[in-house]
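Go ahead and model the full structure; you've got the sequences and the hints to work with.
So the sequences go chain by chain: H and X. Those letters in the first sequence? Residues 1 to 470, per my numbering, in order. Those letters in the second sequence? Residues 471 to 875, per my numbering, in order.
Quick caveat, the hints were computed from the structure, so don't treat them as lab data. Predicted model, so just to flag it, every value in this text is computed and none were measured. Among the clues, some could well be false.
A few chain H residues facing chain X, derived, Cβ under 7 angstroms [to be verified]:
#1 L46
#2 W48
#3 R50
#4 L54
#5 V112
#6 D176
#7 V192
#8 G244
#9 S310
#10 D311
#11 L386
#12 L390
#13 T397
The beta-carbon is built from N, C-alpha and C at its ideal position, and this holds for glycine as well.
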Amino acid sequence: MIRLLEITNHAVFWYYLASNIAYLVMLLVALRTSAMHQRHLESHGLRWIRDTPLAPPISIITPAHNEEASIRIAVGNLLQLDYPELEVIVVNDGSEDRTLEEMREEFHLRPVRAVYVAEMKSASVRGLYRSSANPRLLVVDKEPGGSKADAVNAGLNMATSPYVCIVDSDSVLERDALLRIMLPVLADPQGVVAVGGIIRVLNGSEIAKGQLRRVRLPRKSIEVIQVIEYLRAFLIGREAWGQGNMLTIISGAFGVFRTDLVRAVGGYRANAIGEDFDLVARMHRHLRQKKVDYRIHFVPDPMCWTEVPSDLKSLGRQRARWQKGLWDVLWSSRDMLFRKRYGRIGWIALPYLWLFELAAPVVEIAGLGTIVLAAALGVLSRGFFLQFLLFGYAFATVISIGSVLQEEVTYKRYNDWQDVARLVSYCFLEHFPYRQMHMVWRLRGMWQYLRGDNTWESLKRKGLESASVP
Amino acid sequence: MESGFEKLWRLGPAAFVLKAIVVAAAADALLLAFVLLRRAYRKRYFARRDARVFELRQKWEELISGQLPYNSWRKKPFDRRIVEAMVLDAFEAAGPVEAARLLKFLRTSGLIEKRIFEARNLTGWRRLRALVALGRTRAPEGIPALAEGLRDAKAETRLAALRGLARMACPQAAEEILAWVGEVGLVVPALPLQSALIQCCAERPQLLLPYVQNAVGTLREVLGRVLGEVATPSLALDLLQFVGDDLDELRAAAARALVHPQSGLALDVLNELASDPIWFVRLRAIVSLGKHSDRRAMPALLRGLTDSNRLVRLRAAEALVAAKADMAPIFSQVVASRDRYGLHAYLTAVENADLLGKLETELQESTSIEPGEKQRLHNVLRAGSLPAPDAAAPEDILKTAAALR
Numbered sequence: 001m002i003r004l005l006e007i008t009n010h011a012v013f014w015y016y017l018a019s020n021i022a023y024l025v026m027l028l029v030a031l032r033t034s035a036m037h038q039r040h041l042e043s044h045g046l047r048w049i050r051d052t053p054l055a056p057p058i059s060i061i062t063p064a065h066n067e068e069a070s071i072r073i074a075v076g077n078l079l080q081l082d083y084p085e086l087e088v089i090v091v092n093d094g095s096e097d098r099t100l101e102e103m104r105e106e107f108h109l110r111p112v113r114a115v116y117v118a119e120m121k122s123a124s125v126r127g128l129y130r131s132s133a134n135p136r137l138l139v140v141d142k143e144p145g146g147s148k149a150d151a152v153n154a155g156l157n158m159a160t161s162p163y164v165c166i167v168d169s170d171s172v173l174e175r176d177a178l179l180r181i182m183l184p185v186l187a188d189p190q191g192v193v194a195v196g197g198i199i200r201v202l203n204g205s206e207i208a209k210g211q212l213r214r215v216r217l218p219r220k221s222i223e224v225i226q227v228i229e230y231l232r233a234f235l236i237g238r239e240a241w242g243q244g245n246m247l248t249i250i251s252g253a254f255g256v257f258r259t260d261l262v263r264a265v266g267g268y269r270a271n272a273i274g275e276d277f278d279l280v281a282r283m284h285r286h287l288r289q290k291k292v293d294y295r296i297h298f299v300p301d302p303m304c305w306t307e308v309p310s311d312l313k314s315l316g317r318q319r320a321r322w323q324k325g326l327w328d329v330l331w332s333s334r335d336m337l338f339r340k341r342y343g344r345i346g347w348i349a350l351p352y353l354w355l356f357e358l359a360a361p362v363v364e365i366a367g368l369g370t371i372v373l374a375a376a377l378g379v380l381s382r383g384f385f386l387q388f389l390l391f392g393y394a395f396a397t398v399i400s401i402g403s404v405l406q407e408e409v410t411y412k413r414y415n416d417w418q419d420v421a422r423l424v425s426y427c428f429l430e431h432f433p434y435r436q437m438h439m440v441w442r443l444r445g446m447w448q449y450l451r452g453d454n455t456w457e458s459l460k461r462k463g464l465e466s467a468s469v470p
Numbered sequence: 471m472e473s474g475f476e477k478l479w480r481l482g483p484a485a486f487v488l489k490a491i492v493v494a495a496a497a498d499a500l501l502l503a504f505v506l507l508r509r510a511y512r513k514r515y516f517a518r519r520d521a522r523v524f525e526l527r528q529k530w531e532e533l534i535s536g537q538l539p540y541n542s543w544r545k546k547p548f549d550r551r552i553v554e555a556m557v558l559d560a561f562e563a564a565g566p567v568e569a570a571r572l573l574k575f576l577r578t579s580g581l582i583e584k585r586i587f588e589a590r591n592l593t594g595w596r597r598l599r600a601l602v603a604l605g606r607t608r609a610p611e612g613i614p615a616l617a618e619g620l621r622d623a624k625a626e627t628r629l630a631a632l633r634g635l636a637r638m639a640c641p642q643a644a645e646e647i648l649a650w651v652g653e654v655g656l657v658v659p660a661l662p663l664q665s666a667l668i669q670c671c672a673e674r675p676q677l678l679l680p681y682v683q684n685a686v687g688t689l690r691e692v693l694g695r696v697l698g699e700v701a702t703p704s705l706a707l708d709l710l711q712f713v714g715d716d717l718d719e720l721r722a723a724a725a726r727a728l729v730h731p732q733s734g735l736a737l738d739v740l741n742e743l744a745s746d747p748i749w750f751v752r753l754r755a756i757v758s759l760g761k762h763s764d765r766r767a768m769p770a771l772l773r774g775l776t777d778s779n780r781l782v783r784l785r786a787a788e789a790l791v792a793a794k795a796d797m798a799p800i801f802s803q804v805v806a807s808r809d810r811y812g813l814h815a816y817l818t819a820v821e822n823a824d825l826l827g828k829l830e831t832e833l834q835e836s837t838s839i840e841p842g843e844k845q846r847l848h849n850v851l852r853a854g855s856l857p858a859p860d861a862a863a864p865e866d867i868l869k870t871a872a873a874l875r
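This is the structure:
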């Protein structure tokens, strides 16, 4: 028993150290990449993309389900985006509220009979509407499909552009977000098949006339901690993975894909729990099998601001769902593991996700238990126990402050001193008890997945209206 | 002998956890200090810059006219950077008279010369910045230095030089770019190169012709695409040589370039290209035919409506709707084609153009369509789908298209 505890404690220590070192390496890669990206932008600017007749058209697809509180602002925001060739397709996924009516009133929708070829599977379409006020806006009204994937597929069936951009209807894009996200595509249209943008926390900020007016840190602790999480995940994790062409997730809230490729892999998988992750994993599989030389990029500055859960219950549900999604996709991609044809995806990216993302809650909770037990039984000295906790705490804080530093030296959206001070202080506070709660939510997600409980539990949100100011 | 596992076991956490804590805590402190110091420094820097910008703005006229001695700001890098940024920003938004005045200032103050010197003699990031600034001045004397930048070993610098030349938007810049690609081939991403050439060749597109003829592979495609964008009616005869080219992109470019209606020859060629085996060649031909607004283009457009490619169908439908022709006979032909995708594409275009009412009225008032047929067309229009297959054979489309001539 004692020997077992000793081995477990050692294993937990090495696991924890390896996980943090991996993040540290990613932080260093991300800092370098961001600096290079800033220089690149400084020398090239964005105006040429806006002016060039060669910029490929983009169809933005926005699925909306019961979004009456946000839809006017969200669609208005998309129509104001800077990009030479744009169509906006809003898919009303069987909303039971006034989503469609809100759009009808705001954008003067009229019914149209357009070509609808159901190449991708989705629930049946009830009607198509085009805006008289802005002909670039098309609304697809469909029966509820029960998933975001179903709604996006309906939008894909209507898309006529070579690139599609998927945007959540509770999100707001910065005006030049499309110009920025298309930079890698324009630099290498043959090679770049998808690009992900960064998702930032909207809570606390102000929106005016469909545009973000003032960025502020949210008031509630739980929201501020999510700000740090998002900074860490995007500015460190995705930036580094993208640099190594091993990006396996492009957030469902904002990403650009080559339309023909999304169609080639059959669009979104309707029953996928993490449909965004699933799509990218299938794209990797498809392209690797075809031995295509391709790149999936992450660009850190085209910003999409989205509302995050502001109560523990909703946050817990969201994180449990993310964990289920992770497991679902990793399980369906298990045959890609350690196979030569899948290259670095099969040898590095997926094993990392299995080991340090999927297994993390199990290892961390179990590890905590065994360490406490070992300390109680005297196998582990109390001094070492405290040292171990202190080390873990200090190391994890380095990563969090690193992500704040990354934001600070590059994009610097939080201009207020007070905001930065709060952000930094939460880097120290997030580890207890939030981190442990997070692990429990993720464990719950795994348990639900094992039980086959894949129901979509709705999250409580205020809607974009709450952030808008006159 | 000690096993690997035992070695690892001996190298237990206790061996270095204390050191690790110290290192991690120090890293925390350093990162925090960096964030705070940087903030404080930037705050001070921007306050100082703002004050100086305000001061210079108060003396703007004296500064630009040269009454304010150049040496009062030129020798201080901080001031020089501010003045240059202010003048270049103003230059980009200025009208012709003001732009000329600002350019004169940039010349007489020696700022352009300085940037030319830097673009030629510095390396790396500094050279790149000089090239960007030089491009922003749009001063023709900067072209040779920018052209030298095209030959830099670093891709970033080459791109900066290319964009600088693109900003010049003049044939001299185009000549430099073309000479360079002629020498080294395609060593930058295609899109920035195309974009630069489109801007620089707009005045004299014929500059491209010898390069398109002599280039090979991807570069030929890239240049062909540019040619398609900048071609003018005067180039029509030159472009005919590319209609039968082996390169799909070049045929598409020819189709794109023949958009300018100026001879019957263009229409014949476009009609031929509208049947090309490559979909994007057909697409470009259909788009160009649509812009001709000529009744002779109708048969090809109606054929395009039944194309296997969705985009070709949609563009053909848009062209048919935009054509200045009676809608009723065209709709009759669309229905006669018995192609449901073609019908949907046409109805989509009609509805997008908000012309459904007009089509209904024209159908109602048409004297060339028999009453029974009118009713049938009305039914199709209302239902948005084809009636039972008792109607005209698909070949009828060509017959009535001929009648439309």
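For each hint, the structure was consulted:
Residue-level restraint check for H/L46 is violated (minimum Cβ-Cβ distance to chain X is 11 angstroms; threshold 7 angstroms). With 7 angstroms as the threshold, the beta carbon of H/W48 comes within range of chain X, its nearest partner Cβ sitting at about 6 angstroms, so the hint holds. Hint status for H/R50: violated, given a least beta-carbon distance of 11 angstroms to chain X, over 7 angstroms. Checking H/L54 against chain X by beta carbon gives a least distance of about 6 angstroms; that is within 7 angstroms, so the hint holds.
For H/V112, the suggested interface contact is upheld, since its CB lies about 4 angstroms from the closest CB of chain X, less than 7 angstroms. Among the interface hints, the one on H/D176 is violated; its C-beta lies about 17 angstroms from the nearest C-beta in chain X, farther than the 7 angstroms criterion. The beta carbon of H/V192 comes no nearer than 10 angstroms to any beta carbon in chain X, farther than 7 angstroms, and the hint placing it at the interface is violated. Proximity of H/G244 to chain X is violated relative to the hint, the smallest CB-CB distance being about 19 angstroms (cut-off 7 angstroms).
Taking 7 angstroms as the C-beta contact cut-off toward chain X, the hint placing H/S310 at the interface is violated, the least distance being around 26 angstroms. Look at H/D311: its Cβ only gets to about 30 angstroms from chain X, farther than 7 angstroms, so that hint breaks. Because the smallest distance between the Cβ of H/L386 and any Cβ of chain X comes to about 10 angstroms, over 7 angstroms, the interface hint for this residue is violated. The restraint placing H/L390 at the interface with chain X holds, with a minimum CB-CB distance near 5 angstroms, inside the 7 angstroms limit.
Taken as an interface hint, H/T397 checks out: its beta carbon lies about 5 angstroms from the nearest beta carbon of chain X, inside 7 angstroms.
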